[in-house]
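*Asks:* Top to bottom, those sequences are chains A and B.
Going by our numbering, the first sequence opens with residue 3, and the numbers climb by one from there.
Going by our numbering, the second sequence opens with residue 3, and the numbers climb by one from there.
For the record, the hints were derived by calculation from the structure and aren't laboratory data.
Hints are supplied without guarantee of correctness; some may be wrong.
Note that the list lumps identical chains together, so a pair holds whenever it fits in one copy or between two copies.
Derived SDA-like pairs (lysine to any residue); straight-line CA-CA distance at most 25 angstroms [to be verified]:
1) Lys14 x Pro204
2) Lys14 x Gly206
3) Lys14 x Arg110
4) Lys14 x Trp247
5) Lys14 x Arg50
6) Lys14 x Ala257
7) Lys14 x Glu205
8) Lys14 x Gly29
9) Lys14 x Asp178
10) Lys14 x Asp229
11) Lys14 x Pro202
12) Lys14 x Thr201
13) Lys14 x Leu209
If you want the building blocks of each chain, they are given just below.
Protein chains: 2
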Amino acid sequence: MARFSFNQATAKHWPLDEVVAGCAAAGVPGIGLWREPVQEYGLARAARLVRDAGLTVTSLCRGGFFTDGDWRTENRRAVEEAAALGASELVLVSGGLPAGSRDVDGARQRVADAIGELAPDAAAAGVRLAIEPLHPMFCADRCVIATLGQALDIAERFDPAVVGVVVDTYHVWWDDTVYAQIARAGRRIAAFQVADWVTPLPEGVLLGRALPGQGCVELRRLREAVDAAGYTGPIEVEVFQADLWSRPGPDILAAAVTGYRSHVL
Amino acid sequence: MARFSFNQATAKHWPLDEVVAGCAAAGVPGIGLWREPVQEYGLARAARLVRDAGLTVTSLCRGGFFTDGDWRTENRRAVEEAAALGASELVLVSGGLPAGSRDVDGARQRVADAIGELAPDAAAAGVRLAIEPLHPMFCADRCVIATLGQALDIAERFDPAVVGVVVDTYHVWWDDTVYAQIARAGRRIAAFQVADWVTPLPEGVLLGRALPGQGCVELRRLREAVDAAGYTGPIEVEVFQADLWSRPGPDILAAAVTGYRSHVL
Numbered sequence: 003m004a005r006f007s008f009n010q011a012t013a014k015h016w017p018l019d020e021v022v023a024g025c026a027a028a029g030v031p032g033i034g035l036w037r038e039p040v041q042e043y044g045l046a047r048a049a050r051l052v053r054d055a056g057l058t059v060t061s062l063c064r065g066g067f068f069t070d071g072d073w074r075t076e077n078r079r080a081v082e083e084a085a086a087l088g089a090s091e092l093v094l095v096s097g098g099l100p101a102g103s104r105d106v107d108g109a110r111q112r113v114a115d116a117i118g119e120l121a122p123d124a125a126a127a128g129v130r131l132a133i134e135p136l137h138p139m140f141c142a143d144r145c146v147i148a149t150l151g152q153a154l155d156i157a158e159r160f161d162p163a164v165v166g167v168v169v170d171t172y173h174v175w176w177d178d179t180v181y182a183q184i185a186r187a188g189r190r191i192a193a194f195q196v197a198d199w200v201t202p203l204p205e206g207v208l209l210g211r212a213l214p215g216q217g218c219v220e221l222r223r224l225r226e227a228v229d230a231a232g233y234t235g236p237i238e239v240e241v242f243q244a245d246l247w248s249r250p251g252p253d254i255l256a257a258a259v260t261g262y263r264s265h266v267l
Numbered sequence: 003m004a005r006f007s008f009n010q011a012t013a014k015h016w017p018l019d020e021v022v023a024g025c026a027a028a029g030v031p032g033i034g035l036w037r038e039p040v041q042e043y044g045l046a047r048a049a050r051l052v053r054d055a056g057l058t059v060t061s062l063c064r065g066g067f068f069t070d071g072d073w074r075t076e077n078r079r080a081v082e083e084a085a086a087l088g089a090s091e092l093v094l095v096s097g098g099l100p101a102g103s104r105d106v107d108g109a110r111q112r113v114a115d116a117i118g119e120l121a122p123d124a125a126a127a128g129v130r131l132a133i134e135p136l137h138p139m140f141c142a143d144r145c146v147i148a149t150l151g152q153a154l155d156i157a158e159r160f161d162p163a164v165v166g167v168v169v170d171t172y173h174v175w176w177d178d179t180v181y182a183q184i185a186r187a188g189r190r191i192a193a194f195q196v197a198d199w200v201t202p203l204p205e206g207v208l209l210g211r212a213l214p215g216q217g218c219v220e221l222r223r224l225r226e227a228v229d230a231a232g233y234t235g236p237i238e239v240e241v242f243q244a245d246l247w248s249r250p251g252p253d254i255l256a257a258a259v260t261g262y263r264s265h266v267l
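Sequences are here, hints too, so could you generate the full structure?
*Replies:* Below, the structure is given as structure tokens:
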């Protein structure tokens, strides 16, 4: 269990204090947090909570959305929150096309520019910016960074200690170049997240993920590939699924651990 | 209108004889046909129908699904049907992963092998096999060929007169390498299909497409790119959408023509 981390969005309705206690009780060493529940609970209070429980915050989700008008303020705040939580990785989901826009090249350029602006703040705070490519089905409305190769094209302009990439199995498994890109990424891999792919996709597609082992993704092969690339960090299970969310938090955590042990390790 | 073609799936419920008459009446020179309605109408009878109406069959959808047990029989039959209809291009959708399989590399290898087996039949019949990459959201259940680059990696093993690729704007627009791959494809571009991307995606995602101009895809830029690559063939509007299908056939055709004139030409 040394590398296992539970992303709190996998049990979206489990209150922060309970998920932290649940992880500690289950011997889970790491947790991935989201900004909204942390803000609701109180940043300093949340930082104390996880520290007192002996948990490592393996990532904070999420900065990005660089096409929003207030992206500078929001992202600087996200960097500060990550630092306060002791999270060394801030996950960046770039945002999609601005409303009414068809200029995908322009949006991508703005993402690269924004990361360039944000990088000094992140470096000063000791937080790494982790660019997450989302599955291309989210390109229009959530993330114009659609492949690991594209994320690396941006990340490689920066110090690897300051800008890295996220490898999330759900988003990258379909890509016939993914193993080559993982090898290319090497120590730029800032986070490794795990979810499985199942069909049919639900309306809106966001909540279509499944626990490790329930779908068609070669999770172990991808884990071995990030390991071979030199990644030694945490392995976060992060699943968004309405059915799963309806279950009690401890059951969800137990199911995530079981899937991890059987299909990822 | 010289290059415009109406893919009959855009008006799924318009009977074959009526869609052919409707295209002829509207001065549409080309039509894309599907195997099921053609078989229902009768192959020889359908061939006579379109010929008598003065229409060109710009493509036949579709062969492929190489992970099905009867793929050889079905695909040989599809080649014969294309030849009988005078369709020079048979669109191939490769099929997804076999039930319960996670072996995406193996599935991709089988696709390449199957095309190799099918190519002599296609060459003998004067039909070009047109490999269509589908959007990666269909990788698991419909098409393990998820990018234009991947389709070209297979197509390039064969005579360009026998194996080409389909560029469908809906499936490829998100790819940051798409313009480079279109240039690479050159005269291997066997068909150019047009649909627009809109969100939110519906359950199952298959019917989420929109008429040209209703979404965020740079359709004209992609059309100019295929032209610059040397493609001079038909431009098929192909949209699957439940709302659109509920409208009268002539209205759908008129809307497709309007979208084509305003956003593709």
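*Asks:* Evaluate each hint against the coordinates.
*Replies:* Verification of the supplied hints:
1. When the C-alpha separation of Lys14 and Pro204 is checked against a cutoff of 25 angstroms, the pair qualifies both within a copy, at 18 angstroms, and between copies, at 23 angstroms.
2. In this assembly of identical chains, the alpha carbons of Lys14 and Gly206 lie at most 25 angstroms apart whether taken from the same copy (18 angstroms) or from different copies (24 angstroms).
3. Taking identical chains as interchangeable, the C-alpha atoms of Lys14 and Arg110 are never at most 25 angstroms apart, the minima being 30 angstroms within one chain and 36 angstroms between chains.
4. Within a single copy, Lys14 and Trp247 get their C-alpha atoms as close as 6 angstroms, which meets the 25 angstroms cut-off; across copies the closest is 38 angstroms, which misses it.
5. Proximity of Lys14 and Arg50 under a CA criterion of 25 angstroms is satisfied intra-copy only: 21 angstroms inside one chain copy versus 60 angstroms between copies.
6. Taking the shortest Cα distances, Lys14 and Ala257 sit within 25 angstroms of each other inside one copy (15 angstroms), while across copies they are farther apart (43 angstroms).
7. For the identical chains of this complex, Lys14 and Glu205 are neighbours both inside a copy (19 angstroms) and across copies (22 angstroms), given an alpha-carbon limit of 25 angstroms.
8. Taking CA atoms no more than 25 angstroms apart as the test, Lys14 paired with Gly29 passes inside one copy only; the shortest distance there is 20 angstroms, against 56 angstroms between copies.
9. For the identical chains of this complex, Lys14 and Asp178 are neighbours neither inside a copy (32 angstroms) nor across copies (33 angstroms), given an alpha-carbon limit of 25 angstroms.
10. With identical chains, the CA atoms of Lys14 and Asp229 are never at most 25 angstroms apart, being 29 angstroms at best within one copy and 49 angstroms at best between copies.
11. Taking CA atoms no more than 25 angstroms apart as the test, Lys14 paired with Pro202 passes in both settings, with 22 angstroms inside one copy and 22 angstroms between copies.
12. Both within a single protomer and between protomers do Lys14 and Thr201 lie at most 25 angstroms apart by alpha-carbon distance, with minima of 21 angstroms and 24 angstroms respectively.
13. Taking the shortest Cα distances, Lys14 and Leu209 sit within 25 angstroms of each other inside one copy (11 angstroms), while across copies they are farther apart (29 angstroms).
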